[in-house]
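As they're listed, the protein sequences go chains A and B. Just so we're aligned: the first sequence equals residues 1 to 397 in the numbering used here. Just so we're aligned: the second sequence equals residues 1001 to 1397 in the numbering used here.
Honestly, I wouldn't trust all of these hints.
[To be verified] Stretches of chain A that chain B covers, calculated by requiring three or more beta carbons in the stretch to come under 8 angstroms of a beta carbon on chain B: (1) 34-44; (2) 109-115; (3) 147-161; (4) 239-248; (5) 268-276; (6) 307-316.
The hints are simulated quantities; they were obtained by calculation from the structure and are not laboratory data. For glycine and all other residues, C-beta sits at the position ideal for the given N, C-alpha and C.
Number of protein chains: 2
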Amino acid sequence: MNYRFSEAMAGISPSAIREILKYSTDPEVVPFSAGNPAPEAFPVSRIAAISARIFQENPITALQYGATEGYQPLRDYLKQYLKTKHAIGLDGDDLIITSGAQQVMELAAKSLCNAGDVIITEDPSFIGSLNSFRSLGAKLVGVPVQPDGMDLEALESALKAHPNAKLIYTIPNFQNPTGVTMSWKKRQGLYALAKQYGVLIVEDNPYGDLRFAGEEIPAIKTLDTDGLVIYAGSFSKVLAPGMRVAYACGPDPVIRKMTVAKQGEDVHTGLWQQMVAYEFMQEGFEEHLQSLRAIYRGKAERMMALCEEYLVPHGITYLPIEGGLFLWATLPEGADMPRFCTEAVRDHKVAFVPGSAFLTDPTAPCQSFRLNFSTPTDEAMLRGMEKLGAFASKFLK
Amino acid sequence: MNYRFSEAMAGISPSAIREILKYSTDPEVVPFSAGNPAPEAFPVSRIAAISARIFQENPITALQYGATEGYQPLRDYLKQYLKTKHAIGLDGDDLIITSGAQQVMELAAKSLCNAGDVIITEDPSFIGSLNSFRSLGAKLVGVPVQPDGMDLEALESALKAHPNAKLIYTIPNFQNPTGVTMSWKKRQGLYALAKQYGVLIVEDNPYGDLRFAGEEIPAIKTLDTDGLVIYAGSFSKVLAPGMRVAYACGPDPVIRKMTVAKQGEDVHTGLWQQMVAYEFMQEGFEEHLQSLRAIYRGKAERMMALCEEYLVPHGITYLPIEGGLFLWATLPEGADMPRFCTEAVRDHKVAFVPGSAFLTDPTAPCQSFRLNFSTPTDEAMLRGMEKLGAFASKFLK
């Protein structure tokens, strides 16, 4: 049988990250390639206790079909929490629970974009979201990322050039893959442009709670007096990704349409994990976030010090970060980045992701690569960076 | 803001079932409208024990990111189980774990259909799947359901008339909403037509394990020497729907493309529930299925007896069943079916779903309605059917 796939899906291959992750199953490989939260950050005993209590007190709710919008107590609590803590959510907004934040991007694009419509995105950006948009036949238009966020001049040019742009996709805090945080001024400028051109914003914020230095910058969603912003939050980095619980807060008509789309995808997100997330937020959530920040601060500072020690002397630069899970490093001009990544994992058992994987056009030239520091242990991190430094000293000679 | 939704999504409203389910929150309403498994069928204490063991022995696997294809032990076990017990799965097949079987339909359609492509389906059929196909811009072409399954002459006409047909969607066992089971002869005929016209089959089998009478008929997938059938199974009706675990077994290239699509939707299905499903299958699974069948046999036989007593005397007919969760009842010619459904729930607090909701064209004439018997208690079932009989005697006078 000669299978004919849909035009949108025919062009997508499993992501380059997945290919590199295959090497990570070799326990000798140092996994700077993953995006996994640190396992020591999982509140295992509390989740176990909450889970046991659910099965004692309320098992049928956890096991029966539920509403597509999500578990009502969690929805109500999150609305209040976002409003109180982050000034997110207006009267015209609603909230839906999703199966991970990836589903927010997919549902938003499915609800709003026809095949061929344009989605404007930071370039590079999270490959999972890019592929999600591609899977629906959307056309991606990239806007460069500067150290203070999206290049707004390039954004305006893109908006002018593409009247069929439907969404602007941004990760404003500790962007994946660059680690860049968008300044408050640019957030205001981005919102003003979206308003001017009548385009919705998808604000993806999985890492916002993982800020370990500097001042928190308000979400773009806090500016949203016009019903333009779909804000995505997630429990994947602050509780556990294997549970697949996230949420979107956005204009009521859009959330309603996304709910209809979700009904046709997975009916609803698993109840057990929604109930665990709800119970978990009831007690000591802020203390838990603080303990996470301490873990990631330690790992990030250690990693930046190792970059200074092992990469910078060979001409490799990196963008300093104040949160998140990733560092963005760049080889000196003329160096063969794809070969550097391939030889590092093949010959030296150090895995990380070539920056081109995150581009809207993966064949465009790129000198950068993404280093994750949350997955490896301290020991592995040191070993990996020593090896990488030794390899770089030869490779870049 | 005037939101412009995608063409495919703009036309879909929340399903009529959801609207009627709203009445079901009134505890006085008898819910013949739902599709919920009987809560007494949930193996609560075993799930609780397995869950506790997972958090004791293997918490990080349950909480960390996992593979998009699914939890490897569950995938391996299911492949073996399907082969051994149901003769399903050939060398060229693979298996993916999904977040409920609804996701199988969505991923298959997304992988194989462009907007405007045709999906041929039993008519009436499960509204969730129909809306899932609609959400991707597929055009639905309905084929009538006869007491022994899909009308194959109408199917062949549809295949001839629509060269851009990409999928044939069928629920061969205890079809939702009609309760009809497709005969072995028709399964063979359907497969032959699919082969002749080069169209794939999506075989949705959520209720197959709930047969309480008659002989099991082999799946269409058992005939699949040509790599034409995507078979969907689910834990929703045999374990618990709130967990959202299901699977698809199909030709390797199709499963691979569906895996890429799933990566862009929810990355992977929650690990906890995959691990619970795997552990649950390891011991006493067949005994559990037998106890389920006993529960549903009792409920179905009781419901059919109540139909004989309270509906048939007023000229309402129904299709007898040998499994599943639904009965399909039909009003005498000339009766106003939509009004019957509306007045029953509004004035008599008995909720069920108008048959038109399940049609590819919900505006087409329809005299039937769907009665679920798994959700109400025995007491509520009796009370509901008494009320419905009294109402019918006046309404149909």
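Against the structure, the hints come out as follows:
Restraint check on the segment 34-44 of chain A versus chain B: 7 residues with Cβ-Cβ distances below 8 angstroms, three needed, restraint holds. Coverage of the segment 109-115 of chain A by chain B holds [criterion: at least 3 residues with CB-CB distance below 8 angstroms; count 6]. Coverage of the segment 147-161 of chain A by chain B is violated in this model, with 0 residues showing a Cβ closer than 8 angstroms to a Cβ of that chain against a need of three. Judged by the Cβ-Cβ criterion of 8 angstroms, the segment 239-248 of chain A is covered by chain B as claimed, because 5 of its residues qualify and three suffice.
Under a criterion of three residues with beta carbons nearer than 8 angstroms to beta carbons of chain B, the stated coverage of the segment 268-276 of chain A is upheld, 6 such residues being counted. With 0 residues carrying a beta carbon less than 8 angstroms from a beta carbon of chain B, the segment 307-316 of chain A misses the three-residue requirement, and the given coverage is violated.
This entry does not satisfy hints 3 and 6, going by the numbered hints stated previously.
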